[in-house]
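Student: Protein chains in written order, with the numbering used here: chain D, 3 to 118; chain C, 3 to 219.
Among the hints, a few may not be true.
[Stated by the list, open to error] So these bits of chain C aren't anywhere near chain D, every CB distance computed over 10 angstroms:
hint, residue
1, Gly94
2, Ala187
3, Glu211
[As the list claims (entries may be wrong)] Beyond 10 angstroms from chain D on every Cβ pair, some chain C residues (computed):
hint, residue
4, Ala14
5, Arg23
6, Gly30
7, Pro40
8, Leu56
9, Leu61
10, Asp130
11, Asp148
12, Arg159
13, Lys183
14, Ile189
15, Arg201
16, Ala215
[As the list claims (entries may be wrong)] Here's a subset of chain D near chain C, in silico, CB distances under 8 angstroms, partners left out:
hint, residue
17, His40
18, Glu44
19, Ser45
20, Arg47
21, Thr57
22, Val66
23, Val69
24, Ser82
25, Glu100
26, Ser111
Simulated from the structure, these hints should not be mistaken for lab results.
These numbers were taken from a predicted model, which means no experiment stands behind them.
We treat Cβ as the ideally placed atom computed from N, Cα and C, and that holds for glycine.
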Amino acid sequence: MHEVALAEGILETVLKEAACQGRGRIVEVRVRVGTMTHVAPESLRFAFEVLARDTRAAGARLAVEAVAPRVRCRICGRESAAQAHRLVCAACGDDRVELIAGADLQVESFDMEVEE
Amino acid sequence: MRVKLYRDILEANDIVAAQTRRLLDEKGIFCLNLIGSPGSGKTTLLELTVEHLLAEGRLHPAVIEGDIATTRDAERIEAKGATAVQINTEGGCHLDAGMMRAALEELPLNGTDVIFVENVGNLICPADFDLGEHAKVIVYSVAEGDDKPLKYPLAFRRAAVVVISKMDLLPHVTFDLAKVKAEIATINPELLVFPLSARTGEGLGPWFEWVCARADT
């Protein structure tokens, strides 16, 4: 729902990092978005595309990897997939779990052209 | 060339939030972030809570009101005798740590014991943004349908308390409280549930006690 604010955050992050890495264009940015965040990938891509114009990320592709919920059980120690509304350990059934994936909002990496 | 980052998009927000939390801890201030749908009863709950704290006289409250527009909510709180600061996001669907920090600068922190933040009416976005609070409180009225935990699990996962408000309307709406509690338990077993009615006063005691107990530690 606040994809514009997030797109701004993504752009700022990659532009700041790219400034330390040389002068090439940014061609692709990969982000991980947990499905529990309710962020719409298409809206995020659109917002990013608009904001990136006139920057060195203009025309860059935003690849969004949707991350499903996963939990780590505090009782048996095992990690398992979980549903957003049922965060329980698939191995032992306990509900005392840590949410280890599914709420991510992360810039994983980006590709830039190397200018000679 | 591939540059690997693994950096949180909201890292900038979270850094400010952590600084805010440290500042609040230094000043001995307990801070709650109230989230909930528009009309869930957040402002009314705060009016009553602030009134109670002022009457008791031990813990001094202040309120940060977040809304897209108008100063209505801050005025309601001030009418009860408490200090309130209004943030208008002018379209933004949530408060962020930067807005929170700016609002804090307008409050007399020395002499304040509890700060309540009333977030913009919305169960989605505020769940993502740490403001520097000590706990999130969801205000969820019985008039909203009993499927909200299912629809907004992240908000319920990240909250410490859910206030089930408008309990006086229970005979007139479809709301299975037992089912809601069971569904909440599979999302966040540690979530405390306080069913209450601002109108009748039912259930307010446990909520006030929880606020005071947490503010005292």
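Student: State for each hint whether it applies.
Tutor: Going through the hints against the structure:
Residue placement check: Gly94(C) does not keep its beta carbon more than 10 angstroms from all beta carbons of chain D (closest about 7 angstroms). The beta carbon of Ala187(C) sits about 7 angstroms from the closest Cβ of chain D, which is not more than 10 angstroms, so the claim that it is off the interface is violated. Under the 10 angstroms C-beta cut-off, the non-interface status given to Glu211(C) relative to chain D holds; the minimum distance is some 26 angstroms. Some Cβ of chain D comes within 10 angstroms of the Cβ of Ala14(C); the nearest lies about 7 angstroms off, and the non-interface call is violated.
Listed as outside the interface, Arg23(C) is consistent with that label: its C-beta sits roughly 19 angstroms from the nearest C-beta of chain D, beyond the 10 angstroms cut-off. No beta-carbon of chain D comes within 10 angstroms of the beta-carbon of Gly30(C); the shortest separation is about 30 angstroms. No Cβ of chain D approaches the Cβ of Pro40(C) within 10 angstroms, the least distance being about 14 angstroms, so the stated non-interface status holds. Every C-beta of chain D lies more than 10 angstroms from that of Leu56(C), the closest at about 35 angstroms, which supports listing it as non-interface.
For Leu61(C), the non-interface assignment is confirmed: its Cβ lies about 32 angstroms from the closest Cβ of chain D, beyond the 10 angstroms cut-off. Listed as a non-interface residue, Asp130(C) fails to keep its Cβ farther than 10 angstroms from every Cβ of chain D; the least gap is roughly 6 angstroms. Interface exclusion of Asp148(C) from chain D stands, the closest Cβ pair being 13 angstroms apart, more than 10 angstroms. Arg159(C), annotated as away from the interface, has a beta carbon of chain D within 10 angstroms; the closest lies near 6 angstroms.
Even its closest Cβ contact with chain D, about 13 angstroms, leaves Lys183(C) beyond 10 angstroms, as expected for a residue assigned away from the interface. The beta carbon of Ile189(C) is not kept farther than 10 angstroms from every beta carbon of chain D, the shortest such distance being approximately 6 angstroms. Listed as a non-interface residue, Arg201(C) keeps its Cβ farther than 10 angstroms from every Cβ of chain D; the least gap is roughly 30 angstroms. The claim that Ala215(C) lies off the interface holds: its Cβ sits roughly 23 angstroms from the closest Cβ of chain D, which is beyond the 10 angstroms cut-off.
Against a cut-off of 8 angstroms between C-beta atoms, the interface hint on His40(D) holds, since the closest Cβ of chain C lies about 5 angstroms away. A least Cβ separation of about 16 angstroms between Glu44(D) and chain C goes past the 8 angstroms threshold, and the interface hint is therefore violated. With 8 angstroms as the threshold, the beta carbon of Ser45(D) stays out of range of chain C, its nearest partner Cβ sitting at about 13 angstroms, so the hint is violated. Because the smallest distance between the Cβ of Arg47(D) and any Cβ of chain C comes to about 14 angstroms, over 8 angstroms, the interface hint for this residue is violated.
Here the hint on Thr57(D) is broken, as its CB sits about 16 angstroms from the closest CB of chain C, past 8 angstroms. For Val66(D), the interface hint is violated, the least distance from its beta-carbon to any beta-carbon of chain C being 11 angstroms, above 8 angstroms. Because the closest C-beta pair between Val69(D) and chain C is about 13 angstroms apart, greater than 8 angstroms, the hint is violated. Using the Cβ-Cβ criterion of 8 angstroms, the hint placing Ser82(D) at the interface with chain C is not satisfied: the shortest such distance is roughly 14 angstroms.
For Glu100(D), the interface hint is violated, since its Cβ never comes within 8 angstroms of a Cβ in chain C; the closest pair sits about 11 angstroms apart. Hint status for Ser111(D) relative to chain C: holds, with the closest Cβ pair at about 4 angstroms, below 8 angstroms.
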